[in-house]
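S.K.: If you want the building blocks of each chain, they are given just below.
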Amino acid sequence: MSKHDPKLLLQSAPLLRQGMTTPAAMRDVWIALLPASLAALWYFGLAALLVLLTSIAGAVLTEWLFTPRERRAITLHDNSAALTGLLLGLTLPPALPLWMAFLGGMASIGLGKIIWGGLGSNIFNPALVGRAFLLATFPNAMTTWTAQSGPADFLTLHASNLALPFMQAPTVGAGTDAMTTATPLNLMKFEHQGTDLGALLLGNTSGSLGETSALLLILGGIYLFLRRGLDWRIPLGILGSAALFSAALFLIEGDKYPTPLFSLLSGGMLLGAIFMATDPVTSPVTPKGAWLFAIGVGLLVVLIRVFGGFPEGMMYAILLMNAATPLIDRYTQPRAFGRKRATK
Amino acid sequence: MATLSNKMNAYDEMLKGIWRDNPVFVQVLGMCPMLAVTNSAVNAIAMGLATFFVLVSSSFLVSGMKAIIPKQVRISIYVIIIATFVTVADYTLLALFPAVHKELGAFIPLIVANCMILGRQEAFASKHSVKFAVMDAVGMAGGFLLAMFALGSVREILGEGKLFGISLFGENFEPWVIMILPPGGFITLGLLLLLFNWVGERRKQFLAQVAAVD
Amino acid sequence: MSSRSPTPPQEPTPSRLVGSLAVAGFLSGLIIIGIYVATLDTITENKARELREAVFRVLPEVTQMQKLQYDGERVVLKENGKDDENTLYAGYDDKGNLAGYALASDGPGFQDTIRVLFGYQPANNKVVGMWVLESRETPGLGDKIYKDAAFVTNFDNLSTEPPIVTVKRGTRSRANEVDAITGATISSKAVVRIINQGVEKWHQRLPLPGNEPQLKSEGRT
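Chains as they are written, first to last, in the working numbering: chain A, 20 to 363; chain B, 9 to 222; chain C, 5 to 225.
DSSO-like mimics (lysine-lysine), calculated; alpha carbons at most 27 Å apart, straight line:
(1) C:K71 / C:K99
(2) A:K208 / C:K172
(3) C:K193 / A:K208
(4) B:K212 / B:K24
(5) B:K170 / C:K151
Derived contacts from chain C toward chain B, CB cut-off under 7 Å, selection only:
(6) L21
(7) L25
(8) A28
(9) T43
No lab work stands behind these hints: they were computed from the structure. Each residue gets a CB set at the ideal place from its N, CA and C atoms; glycine is no exception.
Same shape as in the complex, but just chain A:
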């Protein structure tokens, strides 16, 4: 932005060294996501790798296609499009046809970012826009969950992964293909059946690629926090409010509602709270706003999970609060020193 010659840079105190740049911030997120991504490979095998790579490819290609030639070098260099693709990939089911993952990557960048004016201008988290698009477009494929294949069967691919573009995945579960299973959240919602907390922590349950291992997601979150890559208020606020709300429900009717710990460790709660809701572009900038935003997400997740039609509500909760972010920012703007509060 600045056209000044750096040698002639004049500044009054305080003199700061250059802090966070976009590429550096993105690199930190990549590192923080590494454990969860590797866990996806460990648990779901080659299918996970291919789904992640195609969704990244879809995102990067769309970014390249719709960015003016002269800005391409900059916008692709910061790896933000690829990161969006990775985040989207981590929310997808392992047996998803690859062409759908690719389309999801395109929708993430196209509908989630480019049409708003590129990085920094979007209202909604691009990865979640891509996921919402996929869920609304292919509700069947997006809610078909396969059991983990485990590291021993690393090379097994699901027949559905390789479905031809525009064509249906062969029915999963029919014949020799991998078994479909219910995710812990499905079990809770439709069968009122809990899942072992140890499995939720380590990640050997079914679910989206990157959401299963609570422990590794928390690890990534701690790294990001230490690198100051995230606003700690947001994950804390989400998890805290979700825990309180579900604890209240659990106390009212324990055999009908899940325990608060289950609520926190299952589904996309941690992935969303640590990596999606904290997106600096789509979350409020003021501390008070961050708290409001986080509490809103936490309450909405539990509300959707417990009383809604879907077993999981993280995506919609974050998208809804994303929409409220400009309003939150407006009303939590700190008063400039010496000025009266705007009367309106």
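For this one, chain A is given, so just place chains B and C on it according to the hints.
M.R.: Showing chains B and C alone in chain A's frame:
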């Protein structure tokens, strides 16, 4: 105003509605039926034809009677005329094509509220001769029909793998459910607007280049 | 517009304005009545045919039907008047023997109200067919309640004693169980709930065996 109409060419008036002043892609009018009933090509065309009938007949009548309609109550009279034709279209569809009518449902009576129709009466038909008014209405309604068809066919092809109910991709096609739902209407409309503007922009650039060479 | 004319035309009197509106309204009314009368027969016929097809679909081996009405105490033959929630249809076979009743029932689905017509034989507590009249369920998932033939045939021979329940697809084992649609559990359950409510509402009202309404010859189709 008066001198302009001398130079007018009836075909120009018709063509402007189809491309240059297309009611959907350029004026962005009539969005309610546009987004609501374009989930299949047949529905889109039925809606487009019903609108076509209402717009052309109303323009004809309004232009023909412009001398005897008092200026102070003209809008009310336009609305009465439009509503009458809409009712005619509604009952005719219900009698002849009950299946299509069931799909379109409440959106047929809502043609009355299509601002494109009232807009043409106020802005054009009430100020021009019957010939020009009808040509203008045919162009506008034709442009609307084309836009409806474009949206409807894209949504039906992606949303069901069919066009006019005929399967295009065989049994194993994976339907894009979102395309039949309201968001699909918004997404498709946005993409078509993008395409329309892009083509227009390229055309302008091309013409500028040609002019520069000359 | 007035700027164009050199001398502004004289203001019309209020009575002239009202008069022209009245004339326009009158003419419009005439046209509307005309089109209504012209299309009425076809429209009534279409609706009757649609209903007949639906009734024949939910009652197997039925060739004739007639419309009945519950008047608060008993079921009587319906000659005319508007259909309401107490209207029902009786289906008869070739020989004029009662084969069952077609009952309409509605209730909330996943998106909007679902309205179904189902064939019911009170003598042996059985649902013998189901047809969705109205639904706005999600295309691709919820709309399988009428598009998925396997789900619809669940209702071809279904005991309502005890009330119908949904079970996971493929695990149907008892006479009162329905295989739910995978991915559309809520819509499937909604259909079952709607039918259960319909059975509960109608079972006591229907005439006892031997007391059934006879087929009127005019009711033939």
